[in-house]
Structures are given as C-alpha cells and as structure tokens.
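Novice: Residue numbers (this note's numbering), protein chains in the order written: chain R, 2 to 399; chain D, 343 to 742.
There could be a bad hint or two in this list.
Cβ-Cβ distance ranges computed for the label pairs, FRET-style [claimed, not checked]:
| id | chain 1 | residue 1 | chain 2 | residue 2 | range |
| --- | --- | --- | --- | --- | --- |
| 1 | R | P114 | D | N722 | 40 to 48 Å |
| 2 | R | P114 | D | P736 | 34 to 42 Å |
| 3 | R | H92 | D | N349 | 46 to 54 Å |
Just so you know, these hints were derived from the structure itself, not from any lab.
Don't be surprised by glycine CBs; every beta carbon is placed ideally from N, CA and C.
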Amino acid sequence: MSIVTVQLGQCGNQIGFEVFDALLSDSHSSQGLCCKRENEAYQASCKERFFSEEENGVPIARAVLVDMEPKVINQTLSKAAQSGRWKYGQHACFCQKQGSGNNWAYGYSVHGPRHEESIMDLIRKEVEKCDSFSGFFIIMSMAGGTGSGIGAFVTQNLQDQYSNSLKMNQIIWPYGTGEVIVQNYNSILTLSHLYRSSDALLVHENDAVHKICAKLMNIKQISFSDINQVLAHQLGSVFQPTYSAESSFHYRRNPLGIDWHVRPPSSGLPSLGKMSLNKDLHFNTYIANLVILRGKDVQSADVEGFKDPALYTSWLEPVNAFNVWKTQRAFSKYEKSAVLVSNSQFLVKPLDMIVGKAWNMFASKAYIHQYTKFGIEEEDFLDSFTSLEQVVASYCNL
Amino acid sequence: MEEGVVNEILQGPLRDVFDTKQLITDISGSGNNWAVGHRVFGSLYQDQILEKLRKSAEHCDCLQCFFIIHSMGGGTGSGLGTFLLKMLEDEFPEVYRFVTSIYPSGEDDVITSPYNSILAMKELNEHADCVLPIDNQSLFDIISKIDLMVNSGKLGTTVKPKSLVTSSSGALKTRHKKPFDAMNNIVANLLLNLTSSARFEGSLNMDLNEISMNLVPFPQLHYLVSSLTPLYTLTDVNIPPRRLDQMFSDAFSKDHQLLRADPKHSLYLACALMVRGNVHISDVRRNIERLKPSLQFVSWNQEGWKTSLCSIPPVGHSHSLLALANNTCVKPTFMELKERFMRLYKKKAHLHHYLQVEGMEESCFTEAVSSLSALIQEYNQLDATKNMPVQDLPRLSIAM
Numbered sequence: 002m003s004i005v006t007v008q009l010g011q012c013g014n015q016i017g018f019e020v021f022d023a024l025l026s027d028s029h030s031s032q033g034l035c036c037k038r039e040n041e042a043y044q045a046s047c048k049e050r051f052f053s054e055e056e057n058g059v060p061i062a063r064a065v066l067v068d069m070e071p072k073v074i075n076q077t078l079s080k081a082a083q084s085g086r087w088k089y090g091q092h093a094c095f096c097q098k099q100g101s102g103n104n105w106a107y108g109y110s111v112h113g114p115r116h117e118e119s120i121m122d123l124i125r126k127e128v129e130k131c132d133s134f135s136g137f138f139i140i141m142s143m144a145g146g147t148g149s150g151i152g153a154f155v156t157q158n159l160q161d162q163y164s165n166s167l168k169m170n171q172i173i174w175p176y177g178t179g180e181v182i183v184q185n186y187n188s189i190l191t192l193s194h195l196y197r198s199s200d201a202l203l204v205h206e207n208d209a210v211h212k213i214c215a216k217l218m219n220i221k222q223i224s225f226s227d228i229n230q231v232l233a234h235q236l237g238s239v240f241q242p243t244y245s246a247e248s249s250f251h252y253r254r255n256p257l258g259i260d261w262h263v264r265p266p267s268s269g270l271p272s273l274g275k276m277s278l279n280k281d282l283h284f285n286t287y288i289a290n291l292v293i294l295r296g297k298d299v300q301s302a303d304v305e306g307f308k309d310p311a312l313y314t315s316w317l318e319p320v321n322a323f324n325v326w327k328t329q330r331a332f333s334k335y336e337k338s339a340v341l342v343s344n345s346q347f348l349v350k351p352l353d354m355i356v357g358k359a360w361n362m363f364a365s366k367a368y369i370h371q372y373t374k375f376g377i378e379e380e381d382f383l384d385s386f387t388s389l390e391q392v393v394a395s396y397c398n399l
Numbered sequence: 343m344e345e346g347v348v349n350e351i352l353q354g355p356l357r358d359v360f361d362t363k364q365l366i367t368d369i370s371g372s373g374n375n376w377a378v379g380h381r382v383f384g385s386l387y388q389d390q391i392l393e394k395l396r397k398s399a400e401h402c403d404c405l406q407c408f409f410i411i412h413s414m415g416g417g418t419g420s421g422l423g424t425f426l427l428k429m430l431e432d433e434f435p436e437v438y439r440f441v442t443s444i445y446p447s448g449e450d451d452v453i454t455s456p457y458n459s460i461l462a463m464k465e466l467n468e469h470a471d472c473v474l475p476i477d478n479q480s481l482f483d484i485i486s487k488i489d490l491m492v493n494s495g496k497l498g499t500t501v502k503p504k505s506l507v508t509s510s511s512g513a514l515k516t517r518h519k520k521p522f523d524a525m526n527n528i529v530a531n532l533l534l535n536l537t538s539s540a541r542f543e544g545s546l547n548m549d550l551n552e553i554s555m556n557l558v559p560f561p562q563l564h565y566l567v568s569s570l571t572p573l574y575t576l577t578d579v580n581i582p583p584r585r586l587d588q589m590f591s592d593a594f595s596k597d598h599q600l601l602r603a604d605p606k607h608s609l610y611l612a613c614a615l616m617v618r619g620n621v622h623i624s625d626v627r628r629n630i631e632r633l634k635p636s637l638q639f640v641s642w643n644q645e646g647w648k649t650s651l652c653s654i655p656p657v658g659h660s661h662s663l664l665a666l667a668n669n670t671c672v673k674p675t676f677m678e679l680k681e682r683f684m685r686l687y688k689k690k691a692h693l694h695h696y697l698q699v700e701g702m703e704e705s706c707f708t709e710a711v712s713s714l715s716a717l718i719q720e721y722n723q724l725d726a727t728k729n730m731p732v733q734d735l736p737r738l739s740i741a742m
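Same shape as in the complex, but just chain R (with noise of 0.2 Å):
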C-alpha cells in the first residue's frame, strides 16, 4: 500500500528529501542482520510505499513538492537526482516566484485557491499511479507562510475530496524564539484548520531536535541539515515495513495502519523519537502508545512496561491503547532499534506557550493587519484561540 507524499514550502521540501533519502539508504543497506528472503519483502515493501518505478529502474519518489518560490524546489530536485539512486518525478513540483512572505493569510487565502486546482491535480496524478493507496503524508512547518498556510488549504481539499483516506501531518514546531516573529499566530492559525481536517498530527519541534544534536550527537555547529537528518531518521524508523499480525514475512499492508481516532476529535501525536524503552513515565498520561521494533531479539523484547493502566487515561484499557510492531529487519545498520510514538499530554505544555504568546501578541493587535489585508478578520482568530484552548482543555481532563 502506497503513501503519497505532499512537500510543502522550504521547511516541508528540505526535510521530505532527507526523508526519502533515509529510508532508501537503508533499504538497500545491506546489514539488514536477517535472511535474504526477509531483505527482499522488506525492500519491496518499503519501494512500493514510497517509491514508484521507472523505466531505467531509478526509483521515484511518490511526491509532490509546492513551494511559493522557485529556489528550495530546484535545490531539492538537484540534490535528489545527483545522489543516483532516487529523483523525483519529473512534473511532481508546483512552484511560484513570489513566495508567501511568512504570512498564513496570504498562503490560506490567496495562494491556496488561486493554485488549489493545479496543485489538486498534481496529488490526483500521484495517487493514480499507486495500484494500492493508503493515504497522505503532508510535510510542514507551522512558523512560515507556505507550508502553513498552503498546507492547511491544502488538508483541506484533501478532506473533501479524500475524505476515506488517511492524512498524516507532520508539523514542525519552530524554535521557541528566534525564527519567525509571527511564528505563533501562524502556528495557531494552522493547529486550529488542521484539527478540523487532519487524522493525525505528528509532531516535531526543532528545540527537542536540537537538544538530540547538541546532548546525544554531540554536534558542534548544528545546522537545519543535521536537524533535518536526525527527523528524517526518526521519521523513517516508524515508516518503514513491519511485521503484521498475520505471519511473519508478510509485512503490514498499511502503514499507517493504527487506529489513531480514539475518540472524535481528532489528537495530536507527539513524536518522542529514539526513546530507551525505560523512560520516566510519571507525569504525563497517555491515550496511546505505538512502539516499534527492529533488529536482533525483537521477539523477545519485554515491552510489559507499556502495559501499565497507570499510564493511560481512565477511560482506556492498555490493550485498546497500546501496539507494538516489529521486524527482524535492523534499520539502519542499528543492531537494535526503538520507536515511540505516543498521543498524550506531552505537547500540552509547549501548546500552551504558543497559545499565551499568540494571545499576548493578539491583544495588541500587533501585526493584525497583515493578516486582515488579506481577509483573515479578528473572528478568524478568535475562532482558533477557542480551538486550541479546548483541546489543551481536553487533554489536562485526561
């Protein structure tokens, strides 16, 4: 089953082809500490999720890359074809000159339907090409203007016209200072449209990022590529091929397989990343916890720990809350490897930050009218403030 790709503005393109060159690199790595039989359903698994095939045999990417302006998309183009083993579709970009100015108004209401039809048909063609789709992966960053704004028109359409398929986002949250001074309207504004209309919300902030390449890398000098690397890593670790329920060398049909609605409305997942299996668990509460696997000893790996009702909500039992895949197959040339993926109270606090500061900002009507220039009115924010509360509402009630 096959994941269409949606690229969105510099934050989304940059970090999209560190993830299709992840998880190509390490299916054709060749440490894959299991048989060859097992190499070769994982390979082609992983291939028809996220590649499709080409005549010569140079895999391509199932993307879509839209950005505002022309100069990351061609970047991302070049960088994709140099490296020889994958490219991008030849006609899979739309892109502008004028870009979006870090401005969600100018993404959501005017870029969005002025180019909704060329970009819809752009994601149609992609999603025809797959014999099997399960759904969409949307890369996006919340601070910017494209891959805000756009991405939320974007998801949007997509409901609409996709509503049986699954939409994954993945949201980049900004650093907390330093990036965009309107980054905090704009994340808003973004969180608010997408709970309407995405599945899931997958969650990465670039400060946690950063603390993984400073503390745990050791990287001196960190840049946007490293973060970009150890995300796309992370990111690939959870994507790639694993064992279902039924035997083991049939790998799960859809990967984005887990029931992520626990109860309507939708929540957000935060993404813990390379977490040890014995973390300290006692202050948040969990709805649901997905871990994954890979390596030596995956089959004998004591996951009880998830199992306990402490973690989860009262309403929840810990057989409905928690999953656990696995796959012989090593990733990444990793002996042993674990994946958290988690929906719990983790992002409440950094939620909260942004909403205070957006508030703050809001009640001095600062920068207002450049939203309102282009037809997102007071209402608009309001109406996402009230959003957001309730969702920060809802998971303190947990």
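Once you've looked at the hints, dock chain D against the given chain R.
Specialist: Below, chain D without anything else, positioned relative to chain R:
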C-alpha cells in the same frame, strides 16, 4: 532633474548596466525645493515616469517590490521621489515599496533641508511600506573609523590599491570634501545584504515581503534602523577574519548603525538578523541568547527575532550580518528634525519659495508637522512601556 549626475553614470564603468531609454532628466534642478520637485516636476513628468515604470514592470515575471533611493533634504529626491511613491501606490498597489532615505545631518549645508525632510516624511508615513533611514553623519563616522584603523596600522592592515576607502576620485561633490563614494558603498552593501536571501540559496530563506511582515507590527511604525558588519569590504582592506560572535556584538553597537541611534538603550519592537556565509542556526541561536539580556523588547514581542541564513557570503568575506531593527531609537532623529523645522518655520524663513509654487499652502506644512508629531507620539507611548513588568493576560476560559 539636472543632468550632471546621470551623465557621469553614463560615462562611468557601469554605463552598460542602465537602459538609456529609462532615464529622465531635466536641466535646472529643483533648487533644493520639495515643492518644485513634488508639484512642478511631478505633474510635468508624471506621464513619462508612469510609462517607463510600466515598461520595466512588464519585463518582470513577477514584480515583488520597488526600491526607492533618495535623500530627504534636497528637492528632487525628496519632492519628486515622494511624488513617485504615491504614484507607485496607486498604480501597483500590491507591490511593496521599500524606501532608502538619506536624512540630513546636523551640519548639512542645505538650509531648507528641514522643510524638505518633513514634507517628505508625511509622504513616507502614508505611502511607504518600509523605510530605512540613514544619515550622512553616521556614514561619515564609519568611514573615518575605517580610515583611522587603516592609518594607525595597529592591526597590520594594509590598504589595497585603488580601494574606495581612501580614494575620493570620482566623488561627485568634492567641494564638500566628504568621501561620498565610500559612504555610498556602505549603503550599497546594505541593499546587497537585504536582497541576498532572495537572490541566493540558503537553509532559511527570507524574501523581501517577509521583511515587512515580520518587522512592521503596525502600519505607521515602519522605520527600520540598519546596521552592517563587517563594515568594509575586504577587497579594500586586509584584516584578519573576526570571530563570529564578535560580528553579532558589533551589529548591536551604536557605532555600526547607519543612523545616529542607539538601539541597545531603546525599546525593540522587532529585530531581523540576515546572516550570510558559513553560519549555522546554532551560531545564531547562541548569539541571540547571549545578547538578549542586554536588549529590551516590547512586552507583546519578547521573542521578536526573525532570522535568515543565506549560504553565499559577500565578496571577500567569509560571513556578514545585516541587522534591521524596528526600534524606538529612531525617535531622536525625528525629534531633532522637527526642532530644526520649527526654528525655521517660526520665522517663516524661506517659506515664500515654497508658497509660490502652485498648490502649496501653509496648511501643507502644518499637516506635515502634525503627521510627524503623531508618529513621535506613538514612539513615546511605546517608550513609556519600557520598564514595565510583562504581564500575562487572562486567557479565554472554555466550558468543557
């Protein structure tokens, strides 16, 4: 509106860069009179200017912004320049208007420069998206400092032959004995750095429309103080590369600002750091953390930083930084200008030169000065909030 300057450009090394059909000149000049520039030449050349603008615009796949470069103190740049600004707003309302304005210094020799400047300010207030005020005195001080460093030989610096730093050949107003070429070179570098992220690739691009979006929280507060480091191109002077962090510190020092202003001791509304060269996001973040405690930001924008990273450094450097600050430190410049204006206006000195131009009345002057006063008042109100504790406002309460 006189031919000398344009003719020099056409005979100089860049003559092929300019399209001669896109040049408009007159003979007599505006006599340092804003009214002549704005009203007389404005109406005279309106159609011609519009036609040439449309022609240039047609060549563009996607027109994003206009750069207007002028001085405030004279007649043509100030008067005709602001007339053009209004025309651009009417003709191309969706295209950003960035104005680089040279403000008159204290000892400038054009007596009517306060009148011209204030009349022009009203237009900038109303029709510009973003203004970068610069004054000659600051540019001159920067050049003098460079001279001092070069001549002292303390750092073992050597001046390369034919550098712009010391030669004043080609300086147009030699009677002033000011190194205008070198001073203008600094402004040119400012504009280069401003557009670098739009022209070159980088890991965090910043387009020109993002400048306005991030740095202009309220439409009337669109004056941005700029500072540039390093100040001189290494094509002129051999200097050992300075530490990266030093570059960030310099950008906030009073000496590096292109306006007589001290942003460190005033209130920031927003700040943008446009970095070029081999600099990573962690370097920028480290420096922001380091410098933040000594800077004051307005309560609703405590983390008001905008960053851009462009991979290509300027010629001769390994990295550079342009800082744009929306800061109340512009207020003294405006207040001084207003004082100089009032000194002249109270005595009605030279007023007749303006009033004899058709359409000019005293009300033009009073309106202009009240527009400036209102702007100064806005900055005053912001300054009043400077040392107040930041309070979190009560949030919406939701019924569950």
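Novice: For each hint, tell me whether it holds in the structure or not.
Specialist: Results for each hint:
1. For the pair R/P114 and D/N722, the beta carbons lie near 42 Å from each other, so the given range of 40 to 48 Å is met.
2. Taking the beta carbon of each, R/P114 and D/P736 are about 36 Å apart, inside 34 to 42 Å as hinted.
3. About 51 Å separates the C-beta atoms of R/H92 and D/N349, a value consistent with the hinted range of 46 to 54 Å.
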